[in-house]
Structures are given as structure tokens and as C-alpha cells.
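Given the structure of chain A, go ahead and fit chain B onto it with the hints provided.
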Amino acid sequence: MPPLDKRIKKFIKNSLRVAPRVSNKGELAELRAALVSQYPQTRKDAIKKTIQQMTLSKDVSSLFPDVLKNIATNDVEQKKLVYLYVMNYAETHPELCILAVNTFVTDAQDPNPLIRCMSIRTMSMIRVDKILEYVETPLRRTLQDDNAYVRKTAVICVAKLFQLNKELCIELGVLEDLVSALDDANPMVVANATAALTEINAMDSSVVNLAELINSHVSQFLLALNECTEWARITILGALAEYNARDSLEAQDIIDRVSAHLQHVNPAVVLATIQVVIKNYSRTEQQNPKAFMNRLSSALVSIMSTPPEMQYVALRNIRIILEKYPEVLTKELRIFYVKFNDPLYIKIEKIDILVRLIDSTNFKQCNMLLVELKEYAMEFEPEFVSRAIQGLAQLGIKYSEEKFVAKTLDVLLELLEGHENLKDDCCVAVCDLLRHSVGNDTMANNVCSVLNSWSSVESTLTSDAAKCNYIWLMGQYPDKFTSLESKLEAFVQEFPQEEPLTQTSILMTVVRLHSKLSGNILQNVLELATNSIHELDVRDMAILYWRCLSVSDSEKLIEELCSSVSPRIENTLDQFSADVLEKLLTELSTISSILFKPKSDRNTSYVQRQYVVRGKQMDELKDIAKTEIAKTMNDDVLLDFDDDDDESNPQISGNNNALDDLDELFDFGSVPSNSANVDQGMKNLNIQTQPAKKTSNTQDLLDLF
Amino acid sequence: MGNFFSSMFDRLWGVNKELRMLILGLDGAGKTTILYRLQIGEVVTTKPTIGFNVETLTYKNLKLNVWDLGGQTSIRPYWRCYYADTAAVIFVVDSTDRDRMSTASKELHLMLQEEELQDAALLVFANKQDQPGALSASEVSKELNLVELKDRNWSIVASSAIKGEGITEGLDWLIDVIKEEQL
Chain A
1 MPPLDKRIKK FIKNSLRVAP RVSNKGELAE LRAALVSQYP QTRKDAIKKT
51 IQQMTLSKDV SSLFPDVLKN IATNDVEQKK LVYLYVMNYA ETHPELCILA
101 VNTFVTDAQD PNPLIRCMSI RTMSMIRVDK ILEYVETPLR RTLQDDNAYV
151 RKTAVICVAK LFQLNKELCI ELGVLEDLVS ALDDANPMVV ANATAALTEI
201 NAMDSSVVNL AELINSHVSQ FLLALNECTE WARITILGAL AEYNARDSLE
251 AQDIIDRVSA HLQHVNPAVV LATIQVVIKN YSRTEQQNPK AFMNRLSSAL
301 VSIMSTPPEM QYVALRNIRI ILEKYPEVLT KELRIFYVKF NDPLYIKIEK
351 IDILVRLIDS TNFKQCNMLL VELKEYAMEF EPEFVSRAIQ GLAQLGIKYS
401 EEKFVAKTLD VLLELLEGHE NLKDDCCVAV CDLLRHSVGN DTMANNVCSV
451 LNSWSSVEST LTSDAAKCNY IWLMGQYPDK FTSLESKLEA FVQEFPQEEP
501 LTQTSILMTV VRLHSKLSGN ILQNVLELAT NSIHELDVRD MAILYWRCLS
551 VSDSEKLIEE LCSSVSPRIE NTLDQFSADV LEKLLTELST ISSILFKPKS
601 DRNTSYVQRQ YVVRGKQMDE LKDIAKTEIA KTMNDDVLLD FDDDDDESNP
651 QISGNNNALD DLDELFDFGS VPSNSANVDQ GMKNLNIQTQ PAKKTSNTQD
701 LLDLF
Chain B
1 MGNFFSSMFD RLWGVNKELR MLILGLDGAG KTTILYRLQI GEVVTTKPTI
51 GFNVETLTYK NLKLNVWDLG GQTSIRPYWR CYYADTAAVI FVVDSTDRDR
101 MSTASKELHL MLQEEELQDA ALLVFANKQD QPGALSASEV SKELNLVELK
151 DRNWSIVASS AIKGEGITEG LDWLIDVIKE EQL
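Here the protein sequences line up with chains A and B, keeping their order. Counting from 1, one number per residue, gives the positions in the first sequence under the numbering used here. Counting from 1, one number per residue, gives the positions in the second sequence under the numbering used here.
All the given hints hold, so there is nothing to weed out.
Calculated lysine to any residue pairs in the SDA-like style (CA-CA distance at most 25 Å, straight line):
#1 B:Lys63 to A:Ser37
#2 B:Lys47 to A:Pro94
#3 B:Lys47 to A:Arg141
#4 B:Lys17 to A:Phe64
#5 B:Lys179 to A:Gln41
#6 B:Lys63 to A:Asn74
#7 B:Lys150 to B:Thr103
#8 B:Lys179 to A:Tyr39
#9 B:Lys17 to A:Ser37
#10 B:Lys179 to A:Gln38
#11 B:Lys17 to A:Glu77
#12 B:Lys17 to A:Val76
#13 B:Lys17 to A:Ala33
#14 B:Lys63 to A:Asp75
#15 A:Lys130 to B:Tyr78
#16 B:Lys17 to A:Asn74
#17 B:Lys63 to A:Ala33
#18 B:Lys47 to A:Asn74
#19 A:Lys480 to A:Ala406
#20 B:Lys47 to A:Asp75
#21 A:Lys48 to B:Lys17
#22 A:Lys58 to A:Ala33
#23 B:Lys47 to A:Leu172
#24 A:Lys480 to A:Glu414
#25 B:Lys17 to A:Asp75
#26 A:Lys48 to B:Thr56
#27 A:Lys10 to A:Asp75
#28 A:Lys160 to A:Thr55
#29 A:Lys48 to A:Gln38
#30 A:Lys331 to A:Met310
#31 B:Lys47 to A:Leu168
#32 B:Lys17 to A:Arg17
Because the hints were derived from the structure by calculation, they are not lab data. These numbers were taken from a predicted model, which means no experiment stands behind them.
Chain A extracted, bound-state conformation:
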């Protein structure tokens, strides 16, 4: 409820009003009449209502000429609304947009900087080439504007213009203005110019030499860094991360200058800073690594106190950093403990980090984590529990001391006894531990006595890995299992339905133990593997074994093959290759760091979204599409000959939609799935239902970019 005086004012204003009101129905005819009303108040109301309809995603594009008439006004609010409308619908009336040019140009010289800024921003967002022809004067003027707010918008507009019409942008020479904006006194302008140049460089790296520009402007960046907004800061830090310091002194200087931002509230700033710091740290002569690590770890801790989604990003980045600097954060183990209200994806990442963090020389810490993980394993979310059990095995192997491993094993076996549904994961985990402590007989005894007691193992274990491990265990310690043959036989019966890992494992174990088993099992498995399995590896392996068995001294050969001891496993934590790690460290806080895939490995051909409406080209495309559709319509007639008279009309109107969509699609030819879509659409006989679907597809794709 607004304050009383405001309500009274509103009441008086409304009761004195003569200008006709616009109803809320939003009928186009009514809106059109109101838009050209003689009363300014009515016109403004009508614009508001039109925008309202627009936001409800109703098509009000037919009002374009009438809305456009209201573009020249002194009322900032109204101007803003009209600009919004024009931006949205310019493409529907490309030829009429020209009527707005004069207003844009005039507004770019308005005494009010807000309006100057709005005009250039809107103008560069209209994807109509006729408008772009006139962008030169206002763009140049605003680039040299006295007001920094206008300048910072204008530099972004250069990037937009570049995207829409590269040739024009180069021809106008505004890129030089953009480069000189890097020397601007205002930090916001510097930041936006950097952002614009980065964008342009990503679109076409041949136009500007970004690396060189960054090299020559580092001091400006460092100066601007402290005085601009957080988002500008991220841009500048991003540019600094590209810079290679000349010597260790400069690197140290950069670290000192940026490290203040390690404490920023915005996690993106913190991550960007970390990226710069890490890049330069390796170049400094490391005099005081401990202080550095402290600073780094407090920054990382600070980004852990964010909402879950950001925490996830933080965790993924921490994982990368940990691999380079494992000693960082060792004292901060506690913040990575799982909280009961963490979302699952956070919990799983946290376990991963916890195991990585642990200092493998600190028994107390390991023991604490062991207890913690055991707690986790008794939770109810299956994915979380299974990750916790995996974590237990990883922890045991990482600490590596025999007693501790045995303790971990006990924990796992204890878990096994209490919980039926953990069998899969525990089975894998205990086998991992056994592989680590090769030759430890008591542990093997313990494990086997528990596992041996299970009945109908082939159906209790569900995952491929668990089955594979169980069978491996039987092959490894055949003496510790009772009724080995019947157990194996049960697996063999399921052989064709199993997944490759289990199949391989069955095959190996049966061959290994063939002297202990009755002959037909071996025969059976080999036959199954060679005849009814499509998995090439399994089949080849079976054939190989068969050949080995058929040579004269097969016994000895098999003995040799099977008795080889697999190497003791030392580490179950996956690691990046050195090359990937280096790349990822330079791409911290980007999407690469979350996917763990460097940019070069991901298929990121920059999809340049350039679709300026060009009158002629559009017509040509329309013609092509029309003939195509006419063709398919002929095919259509062959199929439904009954009601083609009734359908021809709606189909033509449907086609118009289809044509528009096709135009859109053609302009995005670079997106492969789209062009496939077009083809499909063309071939599709039922054109009427197709347009709606396609639009949503395109729209989705557009939204993605």
C-alpha cells in the first residue's frame, strides 16, 4: 500500500483525467487507435499496454508503425518502452525501422546521458542492416562522449556491431576507437573495452591482436582494477590471466596488486583472482610458499560459503587447484564435511575433495575421516552412500599403512553385515583394498569368509563392476570359497546376458581354474564366448584362450598366463594428465573447469550468431523455401487426396509461418542440427504441424547461445 499522499495524488490525477482510458483487454484495434490518440496520456497508456501484451508473448508486431510514431518524446519512461518494443520487433518490419533512424541520431546528442546511452544501445541491437548504415555518426559521437556512462555503453556497442556486420565495423574504423578506449581514464570504460575486445577476438582472432593489447595495457588494468564494479573486475582479471609476466619481479607485483581481491564477496571475482595469482605464482621465486598457500586457502574457504550451485563450481575448481598444490587447504578439512542439507551433487563432490585433501602422513586426520565416511555410508541416498564407500577404499589405499587398511576393511565388512543393499559397492571396495595389500592373508580370509556366505551371488550383485570383482576374488582365492563350482556355474548360465566386464572376468576365472573344475564348464564358456557374444574383446580373448588350451603343453602355458601377479594398486584417485592440468589451471572459473575439459578438447566452434535481416537475401531464401515446400506439397497431395481442397488454404497460411522459420534457420546454417532440422522439415509431409515444433527447437538453441 503506497503512502497516503501518493494515493491522494493518484486519485486526483485519475478523477481529473480526460484522456480516454485503454482497457485491459489488449485488443489490437483498440491499442492501435489509442497509440495515435490525440491525448499524450492515452498514447502512453497504450504503449504500456502494448508492452504488457508483448511480455505475455502475444504478437503485437502489427502495431509497429504506430508504436514507432511515439518514439520521439521527451518522456524518458515512454522512450524506454518504445525502444524496448522496437528492439523486440524490428525484424518483423525491417523496412519501417528506417523511420526511427532520425530519432536515434537525435537522441544520441540529447543533453541527458541516459538517453544518449539508451539510443546507441538500442540502435546497435537492431539487427536490420538499413539501421546499421546509419550507426556510424551516433557511434562515433558516443565513443567520444564526455560522459563515461555513455562511453562504456558505446564500447560494448562496437562488439555488437562487429557481430552483426564485421565488414562495416572494420570499414568504419571504430575498432581503433575501441582500442584507444583501453587508455580511458574511467575504469568502467577500460573494463568494457576489454570485454568487447575479448568478444571480438573470440569471433575473429585476425582483427585485433588481443595478446599484444593486453601486454601493453597491463598497468592500466591494474590501475582500473581497484575502482570498478565487480563484473568489470572479472573482465579485467580475465585479461590479466592472459598476460605472461616478463620476470619474477613483475609476477610478484601482479600477485600483490590483485591479491586484495581474494577476499571479495563475489565468488566469481575470487576465482578470477585465484586464476591470476596461480598463473603468476609459478613464475615468482617462491620465497614464502606458506604465506601464499594460506592466502589461497582462505580465499578458497570463502567461496565455499556460497549457495550450493556456486559451491559446486568452487568444488570443481578446488579439485583442479588441489592437483597442482596438494598442500593447500589441508588444515581446512572440516569445511568440506558434508552437511545434512547439502544437495546430492555437492555431497558427492565433497567426498571426492575430502579424500584428496587428506594428508596421508597424518594418522589422526585419516582416522577422523574414516569415522566420518562411515557415517556417510549409513545415510539413505544410494548415490551418496556408494560414493562414501568408494571414498573409504580410496582413503584406505591413500593412507596405505597396513593396520589402517585392515581397519578400513573391518569398517566395510561391518557395513556389509548390516546393510543388504550395500553389497555392490562394498564388494568393489574390499576388492580394491585386497589388491592394494597383496599377500595379506588374514584380510583375504576375512573378506572371503563374508563373501562366501552369500547365496545366489549372481542375482544379489547388480552392477557390472561388483560382479566382475566378485568373480576375480573367486579366481584369486579359490581355496577360500566353498562350492566354487556351483557358484561359477550360476554365473556361466547368465553369461550371455552379462556386461563385458563380467564376461571377461568369468572367462578369465574359468580358464584359470579349469583344472579344478569339471571339463564342461570350460567348454561351455568358451563356446558361449565365441559364438553368442558380440563384444569383440571378449570373443577375441576366448579364441586366444582356446588356442592356448589346444597347444601341446597347454597346462604350462595357462599356468604362466594365470599366475602372473597383478601389480599392487597405489592410488585409486583419478588424476589429470600434466598437460590437461596446465590447461585447466589457465581456464579456472570457466565452464572448462566444471567439465574438466580444456577448451581445446571441447568442440566449441564459436557459433557466430549473425543474422541481420537483409531484404534481398531474405527474398531469395524465401523463394527457395517456397519451391521446396511446393514440391513437398505435391507429394502431400498424392497421399491425402480426399481433403486436399479443404486443406490447401490453411496449409498456405501454415507455410508462411514455415517460411519465416526457414529464413531463421537458414541464417543459422552454421548450427548443424538446425540444417538437419530444415531438411527434415522440408521432407516432412505434414508441414502444418512442423512449424511450431521447429520454432521451439530453434528458440531453444537460440536461448542456449
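Below, chain B without anything else, positioned relative to chain A:
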């Protein structure tokens, strides 16, 4: 009854209502200069108008919404978008441009045929009288075939937007005509 009140209110609050007026003519005739002469009483340096200028000015207690539309060949087709509810048209002719007099005449008559402009008054400015070799008002009138116009209030005034001559005289006439028609 309601109608009576609303019309009374209309008079009372007549300031709220605006009269639409168009300034048309070939490119370079001086439309924008005339508009700003009316608005701020000064000569402004202009560029070819791509699109339109619109200014609201109060003249003799009337609120005028004056639209100056660009005269380039490419923009002329869009004049029609602005015809609706127009009280008066000011057609500006460059009196020194003898070669394009026929084009101006053609555009003028084409425009006046429009249904939406049937009731609009017409004022022609024979502009640029300050320039040597300018045709006089009567000569321009002859070139434009103004005599042929029937059923329409029209007038032609010799003017110079730069010097500010003739503009007010012309507008005074136009306002009188409009007042007679509208009120």
C-alpha cells in the same frame, strides 16, 4: 448527457488535446528548418531527416503536434503511415528547384487523394525566397497546379525559413482554418 459533459470537459481541459499537423515536401525543401523555426524560433543546422522529427508546440492556445517527415524518395512511401487524424498538412517547396517542381506537384496531388486527408487543410510554403532566382508564390502555385484543388481549404505563402519571413503568416492562416473546423 454524457457526451455533453465530455465535450465540455474537452473544452475545459482542451490543453490536453493535441492537433496533428504534417510537414511534407521533397528532400532539401527546408521542412526541418521550418519545424525548428516554429519550435524554438531559431535556425538550426540540419541533416537529411531519415525518419521523422516531431515537436509539440503551443500556438495561440492550441497544442500542435507537428510532424516533419523525411522527404527522401526512399521514405516518401511511408508518409501514409502518418496520415490518420491529421488536421493540416504543410507542404514545403524549394522555390529555387525548378527541375523538380513537377515531382513535387505529383507527390502533392498523390498525397491529397488519400481518403484520410480529405478534411485536412493545406498550406504550401514557397520556401527559400531569400535565394536568388526563387520563383514567386504565384509561379509556384501555377507549377503545382493548386487551382485544380477543389473542396479544400488551401493557401500558398512565400517564405524564407532562414530569415523567418512568411512562416508566422502562413501558420496564422492555418490555425484560423483549423479553429473554424474543429471548434
